[in-house]
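Taking UniProt numbering, I'd label the letters of the sequence shown as residues 1 to 127.
Calculated directly from the structure, the hints in this document are not laboratory data. Glycine included, C-beta positions come from ideal geometry on N, C-alpha and C. Just so you know, not all the hints are guaranteed correct.
Unchecked claim - Simulated DEER-style distance windows between Cβ atoms:
no., residue 1, residue 2, range
1, Ala-99, Asp-53, 36 to 42 Å
2, Pro-46, Ala-125, 24 to 30 Å
3, Trp-104, Gly-11, 29 to 35 Å
4, Gly-35, Val-68, 36 to 42 Å
5, Phe-96, Val-68, 32 to 38 Å
6, Arg-120, Gly-76, 17 to 23 Å
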Amino acid sequence: MSGTDRDRLDGRRALVTGGSKGSGKAVVERLREMGADVWTTARTMPGGYERPDRFIEADTSTVGGAEVVVSKISEGGALDILVHVVGGSSTPPGGFAAATEAHWLAELNLNFLGAVRLDRALLPAMV
1 MSGTDRDRLD GRRALVTGGS KGSGKAVVER LREMGADVWT TARTMPGGYE
51 RPDRFIEADT STVGGAEVVV SKISEGGALD ILVHVVGGSS TPPGGFAAAT
101 EAHWLAELNL NFLGAVRLDR ALLPAMV
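Start from the sequences, fold in the hints, and give me the full structure.
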């Protein structure tokens, strides 16, 4: 078996969060090139997205958004691959002192708790 064949992901189901642009989109494209059936999620599906049947429009920084993703993914069975790329910051300049309680909560929900919610719901079926 060549290295190329060994690295194929044919028949594997993947989910990439934040896969609509930038590095997330690159991860989606690479996994598809390797043969995976790739789903992605973001708050808004970009116009002209090539696989709208594999796009879940949801805000994973919220409990409800994570539940939408879990429900849709679970319809097809367990995942084989889960990649968290979603993230960002809307905190104003000024560092620690400028961040309010609301800023901290928004950043934790976007950059940490969204992944935790999806992991708790999806990982048990993966192992």
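Hint check:
1. Ala-99 / Asp-53: 36 to 42 Å: holds, 39 Å
2. Pro-46 / Ala-125: 24 to 30 Å: Taking Cβ atoms as reference, Pro-46 and Ala-125 lie about 29 Å apart, which means the hint holds.
3. Trp-104 / Gly-11: 29 to 35 Å: violated, 42 Å
4. Gly-35 / Val-68: 36 to 42 Å: Between Gly-35 and Val-68, where Cβ atoms are some 27 Å apart, the hint is violated.
5. Phe-96 / Val-68: 32 to 38 Å: With Cβ atoms ~33 Å apart, the hint holds.
6. Arg-120 / Gly-76: 17 to 23 Å: holds, 19 Å
The earlier numbered hints that this structure contradicts are 3, 4.
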